[in-house]
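In order, the protein sequences belong to chains A and B. Position one of the first sequence corresponds to residue 1 (full-length UniProt numbering), numbered consecutively onward. Position one of the second sequence corresponds to residue 1 (full-length UniProt numbering), numbered consecutively onward.
In case anyone wonders, no lab produced these hints; they're calculated from the structure. Be a bit skeptical, because a hint or two may be false.
If several chains are the same, the list does not tell them apart, and a pair holds so long as it fits within one copy or across any two.
Derived SDA-like pairs (lysine to any residue); straight-line CA-CA distance at most 25 Å [claimed, not checked]:
no.: 1; residue 1: 208; residue 2: 26
no.: 2; residue 1: 199; residue 2: 139
no.: 3; residue 1: 161; residue 2: 173
no.: 4; residue 1: 161; residue 2: 75
no.: 5; residue 1: 72; residue 2: 130
no.: 6; residue 1: 224; residue 2: 211
no.: 7; residue 1: 29; residue 2: 181
no.: 8; residue 1: 231; residue 2: 78
no.: 9; residue 1: 83; residue 2: 61
no.: 10; residue 1: 208; residue 2: 49
no.: 11; residue 1: 72; residue 2: 204
no.: 12; residue 1: 145; residue 2: 229
no.: 13; residue 1: 96; residue 2: 19
no.: 14; residue 1: 83; residue 2: 95
no.: 15; residue 1: 231; residue 2: 130
no.: 16; residue 1: 96; residue 2: 201
no.: 17; residue 1: 87; residue 2: 28
no.: 18; residue 1: 143; residue 2: 133
no.: 19; residue 1: 29; residue 2: 130
no.: 20; residue 1: 182; residue 2: 95
no.: 21; residue 1: 87; residue 2: 30
Protein chains: 2
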Amino acid sequence: MKFNKVAVKAVTLVDQVEEQILSYIVENKLTLGNEIPSELTLAENLNVGRNVVREALSRLRMLGIVESRKHKGMVVREPDVMKCFTKVVNPYLLSKQSILDLLDLRVSIESGIAELILSNITDEDITELESIISRHTYQDDMKLKVENEIEFHSKLYRITKNQAVIDLLEMILPLFSYVNEKYEDFKPLNQKNKEKLVKHEDLIPLLKARDVDGYRNAIYNHLKAYSEYIKQTRNIK
Amino acid sequence: MKFNKVAVKAVTLVDQVEEQILSYIVENKLTLGNEIPSELTLAENLNVGRNVVREALSRLRMLGIVESRKHKGMVVREPDVMKCFTKVVNPYLLSKQSILDLLDLRVSIESGIAELILSNITDEDITELESIISRHTYQDDMKLKVENEIEFHSKLYRITKNQAVIDLLEMILPLFSYVNEKYEDFKPLNQKNKEKLVKHEDLIPLLKARDVDGYRNAIYNHLKAYSEYIKQTRNIK
DNA sequence: ATGACCGTTATGTCCTACAAATGTAAATAT
DNA sequence: ATATTTACATTTGTAGGACATAACGGTCAT
Numbered sequence: 001m002k003f004n005k006v007a008v009k010a011v012t013l014v015d016q017v018e019e020q021i022l023s024y025i026v027e028n029k030l031t032l033g034n035e036i037p038s039e040l041t042l043a044e045n046l047n048v049g050r051n052v053v054r055e056a057l058s059r060l061r062m063l064g065i066v067e068s069r070k071h072k073g074m075v076v077r078e079p080d081v082m083k084c085f086t087k088v089v090n091p092y093l094l095s096k097q098s099i100l101d102l103l104d105l106r107v108s109i110e111s112g113i114a115e116l117i118l119s120n121i122t123d124e125d126i127t128e129l130e131s132i133i134s135r136h137t138y139q140d141d142m143k144l145k146v147e148n149e150i151e152f153h154s155k156l157y158r159i160t161k162n163q164a165v166i167d168l169l170e171m172i173l174p175l176f177s178y179v180n181e182k183y184e185d186f187k188p189l190n191q192k193n194k195e196k197l198v199k200h201e202d203l204i205p206l207l208k209a210r211d212v213d214g215y216r217n218a219i220y221n222h223l224k225a226y227s228e229y230i231k232q233t234r235n236i237k
Numbered sequence: 001m002k003f004n005k006v007a008v009k010a011v012t013l014v015d016q017v018e019e020q021i022l023s024y025i026v027e028n029k030l031t032l033g034n035e036i037p038s039e040l041t042l043a044e045n046l047n048v049g050r051n052v053v054r055e056a057l058s059r060l061r062m063l064g065i066v067e068s069r070k071h072k073g074m075v076v077r078e079p080d081v082m083k084c085f086t087k088v089v090n091p092y093l094l095s096k097q098s099i100l101d102l103l104d105l106r107v108s109i110e111s112g113i114a115e116l117i118l119s120n121i122t123d124e125d126i127t128e129l130e131s132i133i134s135r136h137t138y139q140d141d142m143k144l145k146v147e148n149e150i151e152f153h154s155k156l157y158r159i160t161k162n163q164a165v166i167d168l169l170e171m172i173l174p175l176f177s178y179v180n181e182k183y184e185d186f187k188p189l190n191q192k193n194k195e196k197l198v199k200h201e202d203l204i205p206l207l208k209a210r211d212v213d214g215y216r217n218a219i220y221n222h223l224k225a226y227s228e229y230i231k232q233t234r235n236i237k
C-alpha cells in the first residue's frame, strides 16, 4: 500500500493572497503610513474575489501589519511584536504543558534580565518598588494578592525599557494568576524551605547594592518556588 | 470646542464575532477536537452575514485556535503559542528599535536558561555540540557562517526541552542572521576585547563541568559582543 | 451483507448590492 | 473672481445569493 498523495493541498486562496500582499509590501519597500491598493484593485490584480482579499487583509489587520482607515484606504503599520500573543495565551485554550512551559520561560527571562535591570535601575525606581511593597496585602498569611504580584513584577519589567521584554512578560503574568487561583491550597513554600523563600522585600537591598548575581539568584528562587510547586501538584481544581 | 465623541467605534462586527466565538469555546469548555457550529448557523445565531463569520474564523484559524476540515466542519485545536510570531517577526516589517529589543531579549533568555540547560544536558548533547563545532566554517577569519551559528544555538535551545523557549528563540534567530548580513563590515570584536571574546568551543568545558554561573557568564559575553556592536554602528547597509 | 446511488451538509469561492463616510470636482451664490 | 454648497466617485463594512466540491449517511438493489 502506497501513499502517493504527495501534498494535501490545504493552502487556501486566502493563505496565498495573504502571502502575496505581504510580498507586495516587502518588495515595494512599503513602510509605516504607505498606502496599499484598495480591496477591489487587489482582487482584480490577483484574480480572486473580494471576499478572499478581505479575509487576507483581516488577518494582516489583526497582526497589526496593516490598518484600515474606513472609507479611505489601507496603510502599512509597524506590527506590534507581541500583540498576537494576547489572543493565544489564554489558559482555557492552552494545554497544561504549554502553560508550564510558559511559566518556566518566565522564570528564565526574569533571571536573564538581571543585568538589564541593574544597569538601568534608578533610585526613583527603587523608591517606587518600595512603595508598591508597602501597599502589599495578603489573602492569607502566605499568599500575596495577585494584583500585588502583577504590580511589582510589571514595574520590574518596565525598568528594562525593552518593549519586547515588557510585553512578553506581561502577557505571561495573567497565566500565573490563573494558575495561582486555580491550584487548590496553593502554598509556594512548605515548612522545610520556608526560611529560604525569597519575598519581594528581600530583593530591595540587592537592587540598592546593584548586586547582579545576588539579584538574579534571588529572583530565580522567588519564582522557582511557585514553579516547582505547580509541577509537583499536577491536579488542577 | 468640546469633544463629546466618547468612544470611536473602531471595533467592527468581525472583531465582535471573533470574540463571541472565542467566548463560545471557553464557556462551553470546548477542547481539542470538539466541533463548533457551522458558519451558517453561527451567522444566523449571531445575526450577521456569513462573510463576517468567515473573516472571524479565518483569524482564529491563523492563530491555530480552530481548524477547518473541508466540507466537514470546524474543530477546536490547541493553538501553537509562538506560531503567530513567524509572520510578524520579519526584519522588513519591524522598526530598528523592535529588532534591537528582540536581539536583547535573546541575550537575556539565553543567559536565563543556563540553569535549565545545565540541569538537563546529557553527555550525548555535549558530544553533538562538539560535532557541530567541528563542522564550523568561517566566511572570513572572524565571521562564523550564519548556518553554523543557527545550528549550534538551536541545539542549545532544544536541550531545555521547553517548547516555548525553543520556538521563541528560533523565531528570533533569523533576525540575527538578517542583521548579521546587513551590517556592513560586521566584526563583533575589536582589537581591545579580542582576547575576551567567547566562542562556541569555549562553552564546552563549562558545559562539561556543569558550571552554571560560568556558562551563563560566557554565553552572555558571547552574545553581548554582537549586540553591543550593532548598537554602536547605527547605519544599516 | 455488500455495493451503487442520491440527497444533505459544509466549506471555499465568486458575485452583486448597498450604507456610510471621505475626498474631490463641479456648480452655484456672493 | 472667490467662497460656499452640492453632487459624484471611491472605499470599507456588511448582507445575501449562488455554485462547485467533497464528505457523510441513508436507501435501495443485488
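How the hints compare with the structure:
| no. | hint | verdict |
| --- | --- | --- |
| 1 | 208 <-> 26 | neither (47 Å within a copy, 44 Å between copies) |
| 2 | 199 <-> 139 | within (15 Å within a copy, 49 Å between copies) |
| 3 | 161 <-> 173 | both (18 Å within a copy, 22 Å between copies) |
| 4 | 161 <-> 75 | neither (28 Å within a copy, 40 Å between copies) |
| 5 | 72 <-> 130 | neither (50 Å within a copy, 58 Å between copies) |
| 6 | 224 <-> 211 | both (20 Å within a copy, 19 Å between copies) |
| 7 | 29 <-> 181 | between (48 Å within a copy, 18 Å between copies) |
| 8 | 231 <-> 78 | between (38 Å within a copy, 21 Å between copies) |
| 9 | 83 <-> 61 | both (11 Å within a copy, 17 Å between copies) |
| 10 | 208 <-> 49 | neither (62 Å within a copy, 60 Å between copies) |
| 11 | 72 <-> 204 | neither (53 Å within a copy, 58 Å between copies) |
| 12 | 145 <-> 229 | within (18 Å within a copy, 43 Å between copies) |
| 13 | 96 <-> 19 | between (33 Å within a copy, 23 Å between copies) |
| 14 | 83 <-> 95 | both (20 Å within a copy, 15 Å between copies) |
| 15 | 231 <-> 130 | neither (31 Å within a copy, 33 Å between copies) |
| 16 | 96 <-> 201 | neither (31 Å within a copy, 37 Å between copies) |
| 17 | 87 <-> 28 | between (30 Å within a copy, 18 Å between copies) |
| 18 | 143 <-> 133 | within (14 Å within a copy, 48 Å between copies) |
| 19 | 29 <-> 130 | neither (47 Å within a copy, 41 Å between copies) |
| 20 | 182 <-> 95 | within (14 Å within a copy, 39 Å between copies) |
| 21 | 87 <-> 30 | between (27 Å within a copy, 16 Å between copies) |
The structure fails to meet hints 1, 4, 5, 10, 11, 15, 16, 19 from the earlier list, while all remaining hints are met.
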